[in-house]
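> In case you want the letters, here they are:
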Amino acid sequence: MAKVKLDNLNHSYVPNPNPEDYVLKNINIEWNDGGAYALLGPSGCGKTTILNIISGLINPTSGSILFDDKDVTNLSPLDRNIGQVFQFPVIYDTMTVYDNLAFPLKNRGFDSSYIDKKVKEIAEILELSSTLQNRASGLTADGKQKISLGRGLVRSDVNVLMFDEPLTVIDPLLKWQLRSKLKELHHEFKNTMIYVTHDQTEALTFADQVVVMYEGVIVQIGTPTELFETPKHTFVGHFIGSPGMNILPCDVSDQNVTCFNHQIKTSSDLKNIQSNSKLEIGVRPEFIKFSSTGLPAEVKNVSDIGRYKVVECLVSDQKIKVIVNEGEEVTTDRANLEFNSNYTKIYQDSWMVS
Amino acid sequence: MSKKTLDNKAWLFVLPMFILVAFNAVIPLMTVVNYSVQETFGNNLFFWQGIDWFEKVVNSERFYNALGRQFLYTGIILVIEIPLGIAIALTMPKKGIGVSICLVLMSIPLLIPWNVVGAMWNIFALPDIGLLGYAINNWLNIDYNFTQQPFSAWFTCILMDVWHWTSLVVLLCYAGLISIPDAYYQAANIDGAKPWSVFRYIQLPKMKKVLTIAILLRFMDSFMIYTEPFVLTGGGPGNSTTFLSIDLVKVALGEFDLGPAAAMSLVYFLIVLLVSWVFYNLMMRNEEN
Amino acid sequence: MTLELQNIEKNVEGSQHIYPTSLVLEKNTINILLGATLSGKTTFMQLMGGIEKPTEGKILFNGNDVTKVSVQKRNISMVYQQFINYPNFTVYENIASPLRLQKMEESVIDQKVQEIADLLKLTPMLSRKPNELSGGQQQRTALARALVKDSDLILLDEPFANLDFKLREELREELPKMFENKNTIVVYATTEPSEALLLGGNTVLLEEGKVIQFGKTQEIYRRPFNIKSANVFSDPPLNRTQISVKNNIATLDSVSWNVSLQDGEYTLGIRPHHVYPKKNNEKFFEITGQVSIAEISGSETLVHFKLKENEWVSQSHGVHNFNLGETTKFYIDISKCLYFDNQGAFING
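Chains as they are written, first to last, in our numbering: chain S, 113 to 466; chain B, 5 to 293; chain P, 237 to 585.
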């Protein structure tokens, strides 16, 4: 396993690019050995490009990649010792499950007793032992993805294991199993794992640390809890959480924050606020309560998801969403919204004021 | 079963084609069957012969010689054209301007009328004034004359067919190859697979369907080949390149023996049908496994 | 206007794709077809729309038998998982296409197209072609084309499955507004229970070609007919274990409580969010489990643990830290337990 460092990466798919042709801009990341990391962002944000640069399938326009402080930017994928699981199952149809798993080791010249031991070990962990002699093409989608995963795990010298939206073709009911299996594997083998996805649940439950990207730029790096409780940019607040953070316009004057003429307590430091910038308040639906005092609002709609309800409220023409636990009563007409000041932050030009 | 209203209308669309096929294929076929069981001495007088002609064909040495030549020819064609087609398809570019250029180059031999192909090669291979003939005789110092030497005649026929039809295999295999997603090559790269392994485990399996079509097409076409070798060699020298169709036409039109010719063509038809059926089933069973 | 399916079934070359089923769908309702992949959702939709003809049974529209009527003659629209638009038409032309087929006047067409484009936020893209649009915009175009012709029945086959998580959320929220005041029957197929709950309306639960349950989404969620229903509607899967009841007392591990059930063996089902890591309520009962994995997503914690031989999941708000392999206490809300008999049928406890 290795430490992975991305140093000043910039990439464009067109030769002689203009500034706006870059799909990756100034990417700097340092990932520790043995950690589980996620690259999270909407389609087109550049996360798959980063993955392909790390695996060596693309050469970056500028910048370098280091494994354990060794520059691997010019090495081929083969020489970087990586494993990759793709969006759709990539298996060798004509081989059995056993041969599929043995393939990477055979190509590297290991002897058959070692290969046999390794293949059986990995098959056991992935619960593929009973299918070892079957033709790989006959397995279900999740079985095939496990084979893809297995081919990365059989090699004990692998530096990084990478996943490119691997659960896309898996049935929702089986996604759970595969996700927990990945987490289990991480605990068992302590590999450096990098997981690319646009699904926040997958990213947040899998990773110790998540890199949130938007339009080729890193917006925030943090633990799932940090990203949830202290999003540094309104995009992170909006993208993470279902539903995302409520962003409301506000005014700041004389150390007071007002929103729709109602005073709001926040946990942001008001010293550095410039009056001519765009000022907004961000608060997650989970941190808003109905109370007797607070911002007056009109209750528009209640959606019952089973374990909680999402209440859509309107304050003048601004929508605010509130999450209410199962079983709690929701008033039907007018209500007052109280924001938890610990989790209410001020954003200046979309960046959090610290 | 509920009626499907749309399907009935569909029959009307098929009707013109149906009539066309009936006139061009079914009725002539029935005529042949008719001839195969009758004897004629001209003037539209027919006498019932039963299966006599069939017996004659099945016991005819001439027929088996022609059949043998045909199997040999088809065998050699398949052994050369299929691997060659795959190899060329593998080297063709997948992106950029090269793609269009290659596709056009590959299509050109397929567009030339078959008798023109025969005529072209006839002149090309002439030992004194043809470029190929001259080159082999004078630059390679090999005695080459396809009008007099059976081996040279075979060589020229096969070379002509390879030139004419390999492109078909190339185009079919190429279509199969470009449909393979990049991720397979990436995964193989990461797994450390050598180029031969990539071919054996990724490209060949993914090309299986198109290869089946290519082999089946080449088998049937080469088994029934007539125009090109006839224009090139006329079946000669002697009868060394008299393949099954050429022999059939000789019997039917040359000797005007309609009965035996009809019987022979039916036997011929059944052989093609049988071998194609066996071959097809073998490939399909392989697929199901 | 109602759509009625009478004993519909679909048999293809000896294998039963859809088992005999009868359903009535009312106008102005959203009906969700919920089931796993290959459970028959697409076939079912195609039968409703007339794209496939049933092997047996009748389809009635407002009382009229339309079983043999071709799709073109029925007034339906369909939106697919893959973004299907006419590639050579602009967005405007795409949306206008069904109206042109109905031979409406240009001015009327223009008005309707502008209206729908506004509703679906497509107005700035009207002159572009589909391949110049993002995935979300392409799907909006497909939706606009389906909505513009005021169909009696709109079929949506997992329309947002190929879109980003956030985009899916956004479009799903807008969906009810799109169908307001349209007097149409909407059928929406999905594999995700949370989508069904968010969209509300009625739900048809499908498993392997059989309709397991049909009714108001909330109703089915809270009172499933049987264990299959409960499972289809659970994401994460329903926690289950065997319990025995004697003299109206149910026992699980060291815990007992009163139930009004006959003596015997039952399957107890409890949804993951009714299993808590902390005793939030005096009435909660304690169970012991061995933690196998803990997933923290910032807003909630999912703990997988072993209870006897069963794998259970606890889903709770906030961040709770667990050590792997540790044996620890969890708390269940008995009032939320679901009881199923040996055949899997739901029993009121």
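Just to be clear, a hint being listed does not mean it is correct.
Unchecked claim - To spell it out: a stretch of chain P is covered by chain S in this simulated footprint if at least three of its residues, at any positions, have a beta carbon under 8 Å from a beta carbon of chain S; those stretches are:
| # | stretch |
| --- | --- |
| 1 | 363-369 |
| 2 | 463-477 |
| 3 | 495-507 |
| 4 | 535-542 |
Please keep in mind that the hints were generated in silico from the structure rather than gathered at the bench. It should be emphasised that the depicted structure is a prediction, and the values quoted were computed from it without experimental measurement. Beta carbons are placed, not taken as given, at the ideal position from N, Cα and C, and that holds for glycine.
> For the stretch 495-507 of chain P, do three or more residues have a beta carbon lying closer than 8 Å to a beta carbon of chain S?
Check failed, 1 qualifying residues.
> Please count how many residues of the stretch 463-477 of chain P have a CB within 8 Å of a CB from chain S and say whether that reaches 3.
holds (count 3)
> Three or more residues of the stretch 363-369 of chain P near chain S by CB distance under 8 Å?
Violated, because only 0 residues of the stretch 363-369 of chain P bring their Cβ atoms closer than 8 Å to Cβ atoms of chain S.
> Mind checking, does the stretch 535-542 of chain P have 3 or more residues with a CB under 8 Å from chain S?
Since three or more residues must qualify, the claim that chain S covers the stretch 535-542 of chain P holds, with 3 doing so at under 8 Å.
In terms of the numbered hints stated before, the structure departs from hints 1 and 3, listed from lowest to highest.
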